[in-house]
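Residue numbers (my numbering), protein chains in the order written: chain A, 1 to 693; chain B, 1 to 693.
If you are wondering where the hints come from, they were derived from the structure by calculation, not from laboratory data.
Check each hint, because a few of them may be wrong.
Here are the simulated DSS-like cross-link-like pairs (lysine-lysine), alpha carbons at most 27 Å apart as the crow flies [to be verified]:
#	chain 1	residue 1	chain 2	residue 2
1	B	Lys360	A	Lys641
2	A	Lys360	B	Lys647
3	B	Lys572	B	Lys55
4	B	Lys572	A	Lys647
5	B	Lys647	A	Lys647
There are 2 protein chains.
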Amino acid sequence: MEEWLIAPISALISILVAVYLYYFVKRQEAGTKKMQEIADAIKEGANAFLKREYKTLAIVVVIIAVLLGIFVPEPIWITETKIKNISLALAYVFGSLSSALAGYFGMDVALKANVRTANAARKGLNKAFPISFRGGAVMGLSVVGLALLGISIVYGITRDPEIVLGYSIGASTLTLFAKAGGGIYTKTADVSADLVGKVELGIPEDDPRNPAVIADNVGDNVGDVAGMGADLFDSYVACVMAAMLLAVGLIPETSPMENPYVNLALIFAALGIIASVLGVAVVRVGKKGDPGKALNRGTYVTCFLFGALTLVTIMHLQLDLKIWGATAVGLVAGVIIGITSDYYTSINRPPVRMTAEASKTGAAINILTGFSYGLISVFPPLLGIGIASALAYFLCEGISAGFGVYGVGMSALGMLSIVATIVAGDAYGPIGDNAKGIAEQSGLGEEVIRITDKLDAAGNTTKAISKGFAIGAAGLTALALLATYHKIASAHAELIGKTVSFDLMNPLVMLGVFIGIAVPCLFSALCMLAVSKNSSVMIEEIRRQFREIPGLREGKEGVKPDYASCVDIATKAALEALLPLIAMSILITLAVGFICGISALAGYLAGSIFSGFMLAILMANSGGMWDNAKKYIEDGKFGGKGSDAHKAAVIGDTVGDPFKDTAGPSLNTLVTVISQIASLLAPLIITYALIGL
Amino acid sequence: MEEWLIAPISALISILVAVYLYYFVKRQEAGTKKMQEIADAIKEGANAFLKREYKTLAIVVVIIAVLLGIFVPEPIWITETKIKNISLALAYVFGSLSSALAGYFGMDVALKANVRTANAARKGLNKAFPISFRGGAVMGLSVVGLALLGISIVYGITRDPEIVLGYSIGASTLTLFAKAGGGIYTKTADVSADLVGKVELGIPEDDPRNPAVIADNVGDNVGDVAGMGADLFDSYVACVMAAMLLAVGLIPETSPMENPYVNLALIFAALGIIASVLGVAVVRVGKKGDPGKALNRGTYVTCFLFGALTLVTIMHLQLDLKIWGATAVGLVAGVIIGITSDYYTSINRPPVRMTAEASKTGAAINILTGFSYGLISVFPPLLGIGIASALAYFLCEGISAGFGVYGVGMSALGMLSIVATIVAGDAYGPIGDNAKGIAEQSGLGEEVIRITDKLDAAGNTTKAISKGFAIGAAGLTALALLATYHKIASAHAELIGKTVSFDLMNPLVMLGVFIGIAVPCLFSALCMLAVSKNSSVMIEEIRRQFREIPGLREGKEGVKPDYASCVDIATKAALEALLPLIAMSILITLAVGFICGISALAGYLAGSIFSGFMLAILMANSGGMWDNAKKYIEDGKFGGKGSDAHKAAVIGDTVGDPFKDTAGPSLNTLVTVISQIASLLAPLIITYALIGL
């Protein structure tokens, strides 16, 4: 049963293709001296931030690793398998390193692709598009390649899916902080740059006079690119790991390595990578082509190939076709959720247009309208996830005991299998956005900006779809992780004659749910408060520079703002906010587990999924709506730029920025981290909890 | 076992005291001709709205009653107890009539108390305070009096707690629409009046030149007073009913009338009324006294008396003291939740002040800050409810089977027992607010306005506390209703060999939870969209009047705006929005039950409690925060009135208006309605659901 080796092989293929595309991007001309100067400034800021962020995180990772080594799965002084403690700690460190590497690699290529895309745009859309898209593809392929390679290495050495859990937690903790930290960084800079630049002074976005403009561009890279890469890395690892763990024991008295269902999770993941590599290859655009269509074609080809490859494989392996059905359900649900989320954030649809129209009566009505449609947009994905998981469960339930939840895990895997293509299209967005920024700052002229605009616009649509996809995948993965917790906790509880309750009529479960509901609220509040608090500081700094640097406002030749001070404020903002976030999310989880016990922790996980999922969708979609409502007005509707409606829409957009790019996207990861920590600690909690029910 | 007759007796006492206080208020002088004119205009608008609203609702009530009579608890053509169907339908109509009456009665006295308070304020605070407070007390005492009298009548005639459920649903459906309709009405008028008056033209609040001013004052009465009265009427009835139903069968083979625990619910409710009558009596304020302190004294006296009376009673009845403990837990939790919710909305505390300070950097940061603190404020009440229900459960669990959930029901009752005092203090708020409005419009001078301001400010604090209290009570009541559903559904399912699952590892339960989470989102979105859509219409109308009526803007003698057109727009807004709200909340519930079955419906109820509760707290508290942040700036901080910070804070306040007064407060009722309908339909669903699991 060594079929699973297709996993490391296709992971390596994926990494090789990524390296090839990386050199393709690097080979392109980097443009004029001025453009390279700007690109260097962004790169410098981004690297400085990542260096400081990773330094802080390294300490956290080491502390957690040591604690894991000492206490998990059993305290090292009483356990008989000390090697397992050490393996877990090492896998944890390895997971966080891999996640950091994926983020860094993606960001590095994005920084290179930005300026080269801007340069190529001078020669036309069909020259610029491949650079930006391949830049995104490097990110997508390296994320899944590194992820699956990491899983394969850990699994190949230890042959124990529980150690893979350690690897996955390592990836998740790093992601949580990369995502939240990057999100706080990017929006502190973005909000401040907009409020002073656009609202107070009326200078255009990305104007080089604005002292926050470099910080803003840095933010796009550390937040949107590196953060998002780490995010999908983490969902992907968690979901493959969950499917493997849910497969353990499906065939009684079989070791994981001989269990075809454990291997199937790895094999399907590998097929997803192969489908993605081919899907990425078909994304091309002609001289007058439509980048949006090209990107969607890539997605559909990947889906189709994945469906076909997995079907052939499962027949060849002579496993139950129902499992393939569950995987397909996940894939289809992902596409449907992506499309509905596009409906709510597309500039061509009623929600955005109504929000734009509401701006005519002021900022308050704009905000109320966008927020309301955001609330409405929660319904389709919730329904989609609910139906997909129920379908997957009931499809596989009949095979044998335990297959129902395995089906849920495989449907999550189905949804995430095409993640490389999704990331490619998603990372493409900020690259186009940054190219536009560089084009504006280096004065490349109207025509070039028009082309980068077109790239940017296509990026916005794919971003909405892929965001919906990521949310759906995270939702199904969270359910799979909940099932994993149930499985692990029940197995350990049984050993000492206890049971784990998930019953809502159990008041401890209900208490757990109530606390769990509050945690995503607290988490997103702390993220947003960090943005709003630090924006105030940065706004004062920007105002000070315009006041005190003579000639800056008028754009006098040779007068430059002090970009570094804004970069510094954003960096501090992000790093200072991280510690309370780390502490809160881990400590509350430990408190609920060790005080209220294993059933309360079950409720707590469920509660955090409920409110985390709801808030994530609400924030992502209302934020996207406000953003596009502003763009719709800027296209000349309801008075166009500079009108009162536009001013109102800019306020809405500013509220939406931390919604959609700071708080919203971190919530998925928060839920993943919490669920995995709970699974890992379940044995300890069963033994040591204060309330032992 | 006729001790329960203390319930109708104390209900009658409560009503008599209310009538006495009503005549006390009516006896007072109604002020100058101009004041009476204004008061008459408000009264006319309010009555016109209620008349149209009740007409619409009457049709809905009759339709639902007929459907209930035909189908529930069993289709009338197969049931052997046709009388039960008919009783249920009649109890339903009776419940909705009682709720309507309580709302109307409270509003009537509020309208009288407004103008009389304004008039008495000319003679000093100690003359004005008793009128406004006693006006509120009429509302509080008539709400609980009518509620408990209604329950007693239905119970006395039918001796069947299930028919009381019909009465309770009648009250709840009416409340839902009174609350949502009134909320939409009041905020459409308020937002429009503020946006044109304060923001565009810079004229003060309640300025008689503003065409929306009468609609705004009408809104305070139909939304805040009548709506809130109906709201607590409904929570109170639902909670007494739930405790009674949870008591049924606690002593095997005993009819409800002989079951001391059924009677205990009624007796404790009666003792709550007696404590409230006495608590109301001690609220007095001297010439230089502090109205806020006086109101709080009333609350504490009521709590203490209730605790003492129930303790003596339970010892006298020789029932288990643990049940008293559960009741006390609810009462204490209510007070704690009230105090923490005060922390987040009080003008003297950091959250409001930070939100006010954030206004310095613009509306977007103000909104982000207030929203973030609103998210944080979700934590204490969720934790409080979770702990209170778990404590109550574990306290009583040991008595015998079924006592755990009965304990939860009794703790909800404990929290709601003092509701008359709470309503009195709460209804006092809008009376003071309206008195201030009348004083401004009739030009009573600075000193009188200062006194009404002082009444208003005390009202704002008690309002925050009582809102927290109402939310906590609704949360515990919702849990009790969930337990009621569990009990009824399980009992019926058992008859045909099925079970009802509340287990989160059951995918149908999870599907239900996911859909349930979405419903409060949809509901509050539709409410807020109605406000924002209709505000746009009303704003156009106000602008038109200022443009077309010569001399209006300058305030020329004898020039009056067309108040009636704004009243009409607000009325239409509310009535048009009601039908989709009715349809959606009932139809989704029916769809989940009859398609996905009884366990999915269990999850659905739980999901709607989770997100409904979370959104209700978030919206109530962030709305209150924005409101007070604006007031804090108006007190001269951060530049005071007219500064940029003030303008930003006004935008925040306008966003908060429909949060805290339209969407937020309706959610409790929505959850109550859904839970009760589910309980009532459980037998039908078990028999006829498509998926019979």
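Hey, Lys360 of chain B versus Lys641 of chain A, does the alpha-carbon distance stay inside 27 Å? Since the Cα atoms of Lys360 of chain B and Lys641 of chain A sit roughly 24 Å apart, the hinted pair holds (cutoff 27 Å).
Please verify whether Lys360 of chain A and Lys647 of chain B have alpha carbons no more than 27 Å apart. holds (17 Å)
Holds or violated: Lys572 of chain B with Lys55 of chain B, Cα cutoff 27 Å? Answer holds: Lys572 of chain B to Lys55 of chain B is near 13 Å, not above 27 Å.
Quick one, are Lys647 of chain B and Lys647 of chain A close enough, alpha carbons at most 27 Å? holds (14 Å)
For the pair we were handed, Lys572 of chain B and Lys647 of chain A, check the Cα-Cα distance against 27 Å. Violated, at about 30 Å.
When held up to the earlier numbered hints, the structure conflicts with hint 4 and nothing else.
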